[in-house]
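For the record, the sequence lines run as chains E and W. Sequential numbering from 1 applies to the first sequence in the working numbering. Sequential numbering from 113 applies to the second sequence in the working numbering.
Simulated from the structure, these hints should not be mistaken for lab results. Among the hints, erroneous ones may be present.
[Unchecked claim] Within a straight-line C-alpha distance of at most 27 Å, the following computed DSS-like cross-link-like pairs (lysine-lysine) qualify:
#1 W:148 - W:131
#2 E:56 - W:208
#3 E:77 - W:152
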Amino acid sequence: GNSVTQMEGPVTLSEEAFLTINCTYTATGYPSLFWYVQYPGEGLQLLLKATKADDKGSNKGFEATYRKETTSFHLEKGSVQVSDSAVYFCALRTNTGNQFYFGTGTSLTVIP
Amino acid sequence: ETGVTQTPRHLVMGMTNKKSLKCEQHLGHNAMYWYKQSAKKPLELMFVYSLEERVENNSVPSRFSPECPNSSHLFLHLHTLQPEDSALYLCASSLKARDGTGELFFGEGSRLTVL
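Using the sequences and the hints, build the whole thing.
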């Protein structure tokens, strides 16, 4: 079946620290992979995506590389800011339908 | 502004009330979704409408009834809800592309409280 597993939170970092949030997936076929971010009181927003193996998605200093050999899509940022405090969701979409599969979300708090 | 608008943003209702949540998308997408987000639980897909076809999560109680009159509008009708139905209800849309690469666009959610 299709599923996404991401690291448990919460994660607390100091400003300017390096961030990694792990995400691994199980999927049939060739899925597209996504990271979404949810700020307090809001819906989910697309942060970045990758649609094929070895693609790197990037946005706002965040990056993630689609690794088919390890079935992973880890989110990284070199220097986090207080404004990055949010919940981050890893997700996949199979190439055969409209179904999206989400991880459980990882809460990030960045302290000054 | 994501192009997906949900109303109302907040709703408080009693267990005997009937209310509806509304979602509208201005993105030209052809698939719309309802998700339920509860505290400390994974995002739960409730319903998907695409090209006049409906897919539903069999675990969703019948007190939730979706309606999709056209590709731009989606409703969730609520009837005799329970306090455990209190949650953030998220609407989303996507383009059903042949290669399956399109992303979901979410609305800001309707926060429902059942008393």
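Taking the hints in turn, this is what the structure says about them:
no., hint, in the structure
1, W:148 - W:131, "holds, 16 Å"
2, E:56 - W:208, "holds, 23 Å"
3, E:77 - W:152, "holds, 25 Å"
Checked against the numbered hints given earlier, the structure satisfies every one of them.
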